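Undergrad: Keeping their order, the protein sequence lines are chains R and Y. Okay, so the first sequence: first residue is 17 according to our numbering, each after it adds one. Okay, so the second sequence: first residue is 17 according to our numbering, each after it adds one.
Please note that a few of the clues may not be correct.
Just so you know, same-sequence chains aren't split out, so a pair can sit in one copy or run between any two.
[What the hints assert, rightly or not] Here are the computed lysine to aspartate or glutamate pairs in the EDC-like style, where the Cα-Cα straight-line distance is at most 16 Å:
#	residue 1	residue 2
1	LYS331	GLU103
2	LYS208	GLU18
3	LYS21	GLU269
4	LYS167	GLU66
5	LYS74	ASP198
6	LYS74	ASP57
7	LYS158	ASP241
8	LYS411	GLU320
9	LYS21	GLU130
These are calculated hints, taken from the structure and not from any lab test. Values in this document were obtained by computation on a predicted structure and should not be read as measured data.
There are 2 protein chains.
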Amino acid sequence: MEVSKRVAAMQFSPIRRFNTYAFEAEAKGKKVYRLNIGQPDVETPACFKEAINNYDKKVIAYAESGGVTELLDAMIDYMKMYDMHYERKDLLITDGGSEALTLIFTALLNPGEEALIAEPFYTNYRTFCNQVNGKLVPLTTKAEEGYAWAKRELIEAAITPNTKAICCISPGNPTGRVLTLDEMKLVGEIAKEHDLWIISDEVYREFAYDDREVTSFGMLEDLADRVVMVDSVSKRFSACGARIGAIISKNEEFMSGILKLAQGRLCVPTLEQIGAAALYRMDKSYYDEMKAEYCARRDAAYEELMKIPGVVCQKPGGAFYLTAKLPVDNVEDFLMFLLTEFDDNGETVMFAPAEGFYMTPGLGRDEMRIAYVLDRDKMRRGAQLIALGIEAYNKKLGK
Amino acid sequence: MEVSKRVAAMQFSPIRRFNTYAFEAEAKGKKVYRLNIGQPDVETPACFKEAINNYDKKVIAYAESGGVTELLDAMIDYMKMYDMHYERKDLLITDGGSEALTLIFTALLNPGEEALIAEPFYTNYRTFCNQVNGKLVPLTTKAEEGYAWAKRELIEAAITPNTKAICCISPGNPTGRVLTLDEMKLVGEIAKEHDLWIISDEVYREFAYDDREVTSFGMLEDLADRVVMVDSVSKRFSACGARIGAIISKNEEFMSGILKLAQGRLCVPTLEQIGAAALYRMDKSYYDEMKAEYCARRDAAYEELMKIPGVVCQKPGGAFYLTAKLPVDNVEDFLMFLLTEFDDNGETVMFAPAEGFYMTPGLGRDEMRIAYVLDRDKMRRGAQLIALGIEAYNKKLGK
Numbered sequence: 017m018e019v020s021k022r023v024a025a026m027q028f029s030p031i032r033r034f035n036t037y038a039f040e041a042e043a044k045g046k047k048v049y050r051l052n053i054g055q056p057d058v059e060t061p062a063c064f065k066e067a068i069n070n071y072d073k074k075v076i077a078y079a080e081s082g083g084v085t086e087l088l089d090a091m092i093d094y095m096k097m098y099d100m101h102y103e104r105k106d107l108l109i110t111d112g113g114s115e116a117l118t119l120i121f122t123a124l125l126n127p128g129e130e131a132l133i134a135e136p137f138y139t140n141y142r143t144f145c146n147q148v149n150g151k152l153v154p155l156t157t158k159a160e161e162g163y164a165w166a167k168r169e170l171i172e173a174a175i176t177p178n179t180k181a182i183c184c185i186s187p188g189n190p191t192g193r194v195l196t197l198d199e200m201k202l203v204g205e206i207a208k209e210h211d212l213w214i215i216s217d218e219v220y221r222e223f224a225y226d227d228r229e230v231t232s233f234g235m236l237e238d239l240a241d242r243v244v245m246v247d248s249v250s251k252r253f254s255a256c257g258a259r260i261g262a263i264i265s266k267n268e269e270f271m272s273g274i275l276k277l278a279q280g281r282l283c284v285p286t287l288e289q290i291g292a293a294a295l296y297r298m299d300k301s302y303y304d305e306m307k308a309e310y311c312a313r314r315d316a317a318y319e320e321l322m323k324i325p326g327v328v329c330q331k332p333g334g335a336f337y338l339t340a341k342l343p344v345d346n347v348e349d350f351l352m353f354l355l356t357e358f359d360d361n362g363e364t365v366m367f368a369p370a371e372g373f374y375m376t377p378g379l380g381r382d383e384m385r386i387a388y389v390l391d392r393d394k395m396r397r398g399a400q401l402i403a404l405g406i407e408a409y410n411k412k413l414g415k
Numbered sequence: 017m018e019v020s021k022r023v024a025a026m027q028f029s030p031i032r033r034f035n036t037y038a039f040e041a042e043a044k045g046k047k048v049y050r051l052n053i054g055q056p057d058v059e060t061p062a063c064f065k066e067a068i069n070n071y072d073k074k075v076i077a078y079a080e081s082g083g084v085t086e087l088l089d090a091m092i093d094y095m096k097m098y099d100m101h102y103e104r105k106d107l108l109i110t111d112g113g114s115e116a117l118t119l120i121f122t123a124l125l126n127p128g129e130e131a132l133i134a135e136p137f138y139t140n141y142r143t144f145c146n147q148v149n150g151k152l153v154p155l156t157t158k159a160e161e162g163y164a165w166a167k168r169e170l171i172e173a174a175i176t177p178n179t180k181a182i183c184c185i186s187p188g189n190p191t192g193r194v195l196t197l198d199e200m201k202l203v204g205e206i207a208k209e210h211d212l213w214i215i216s217d218e219v220y221r222e223f224a225y226d227d228r229e230v231t232s233f234g235m236l237e238d239l240a241d242r243v244v245m246v247d248s249v250s251k252r253f254s255a256c257g258a259r260i261g262a263i264i265s266k267n268e269e270f271m272s273g274i275l276k277l278a279q280g281r282l283c284v285p286t287l288e289q290i291g292a293a294a295l296y297r298m299d300k301s302y303y304d305e306m307k308a309e310y311c312a313r314r315d316a317a318y319e320e321l322m323k324i325p326g327v328v329c330q331k332p333g334g335a336f337y338l339t340a341k342l343p344v345d346n347v348e349d350f351l352m353f354l355l356t357e358f359d360d361n362g363e364t365v366m367f368a369p370a371e372g373f374y375m376t377p378g379l380g381r382d383e384m385r386i387a388y389v390l391d392r393d394k395m396r397r398g399a400q401l402i403a404l405g406i407e408a409y410n411k412k413l414g415k
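Extracted from the complex, chain R is given alone in its bound form:
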């Protein structure tokens, strides 16, 4: 009577598994700046809750498996903003981007088949892929190079007869790397040459800073039959707890497979879909405000971190994450120190150790990811606490 091998081999989330120590620190009266998880402090737009509160059907009934029409149509209109044109049959609503990715791997990978992904990558991809006995193959990137990965040699060196797909997360989690449209075209060319699917996770689509344009694989029409996009309200609308996402593709065979899976689990919560439809109907100005806010948070965090001698980090271009090399021997030990020993005026800070974002053993032990999801003063203070912590930690170790 054993559990399955796939589950026995899985890790606990490196983003969440230090929560216990943070709770303990808080119980002792410490204030913990939580930069470990992509949970913004930005208010969810009020229209989400209003739409839900106004829902007055007396029976909370199953929705259609593909999603409620109001939401599908709102998303279709939102995509038009970027000159991307979809029909209802090209979309399927999911329980967040997480379910979207699980269904995609289920629909694409036979056991043992491979999907390429630039590492460090959002760690839960491993769970989504391992669940169906698929295999992620990492394309290793470096802090020194700003985690760039869209290079022909790097990608082609990893392709085997078992390769079925390339995963693209842009703007990227955890690195904040944003693909240019030219880089997307290159990935598309390689995918065509090797007959691969492109799994494009675009949940941070609007969060591209400085002079970067919003880019999407949906803009490249010659790739339409092989592109599978993932969308979500979590980050875009600061509605992480709504768990509304979507799979978008013009490949009919693929979408038919996804619908079969979706019918199995019946549907996504009705009320949350009604709320999400209102979010997608908001004015375009909302995206500009959010982008400006997160950009300012990035700048605050980056500026402070770069004051620390020995930190290696290129300014990230998008999403709301920053991964950096720290001048400590072991970032997990350092995090434990921050949560259990260190404080500055009763305050400490928490981040996600980057090792869990790498598949290649040994990599990332001196890197951390922070999410710049708190206001800029808090981000600045958080980064300062990291600086003070590094000093205290290395002093303790006699360095």
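Got chain R sorted already, so can you dock chain Y onto it with the hints?
TA: Chain Y alone, transformed into the frame defined by chain R:
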């Protein structure tokens, strides 16, 4: 560039795939009594929506992966009603019973490993199990025997070295079969002898009619380490669109595996959990009212169906389904006839053909499942429409 074999081999839901024809019939002005899907017309208790409407946090944030405390505690208290005692760590909240089952198969079955299940069974089990390349092995039952399956010979004949679990759905969908506590003990004995997990789907727990007691594998303490229960608010509280379910088990290794999977998908919607907590806090009288209502609906439907010559059906003991053999050559053809050709005073009826609930090819072609989810007058009229339809259908075929 192909989809995965598992998805290519999957069917569309036999419960949902005739919807298109029903919509077309309705578009032509026909009234369709929809007895095909377990979507009750009973109002969701108002406390669900009230709790959600009263939620006033400004950020709809991620919940803990295992579920929000209010809901876990409400469920723990609900279980005490049946003298079953659990702690928070024994429960994990899921996106409906559907996600619960998907996670359970993922956590228990390696590719190729088997789970036994009495057929006909709730067809989506196939999707949940095939998703992770597990294999369901059917224990075939018969309409003439009231679909009884808890028999030592039947179960043991199906056990192989690859058998890992026995699935028990009681009260059962689609047959309405209810296991007695003695039958559960027998299943438990066999599970112990062959070192198997017991996956017990108890989402219809209270819907056990006549003189039947509520039974649960949670009542058998000597099985605690091998029992994995599935729960859901969908049927119990007529809240199908809420998508709140749970996995309950005292096996710590198993629950640890489930938590790893759950952390991957982050969490279940926050608002729906708040609403569900209110549902589980309702007075016990609610269950009695619901039971009386569904029992009356069953009686109405059963009484009318038994007036049809040639129908084979033992009165079902629980849940809100009834599976019966009909005096027609092919139930799917008959259903198409009902939706596209037949009407009585502008009305027709829809059920789920039972063939999709069987794994063994060829079985169930003359059986249908109805869900007695409409009020008793409608159930009576629905059954009468089936009777009139059979007459018209067989007349058309010259029988």
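Undergrad: For this structure, which hints from the list above don't hold up?
TA: Failing hints, ascending: 1, 4, 5, 7 and 8.
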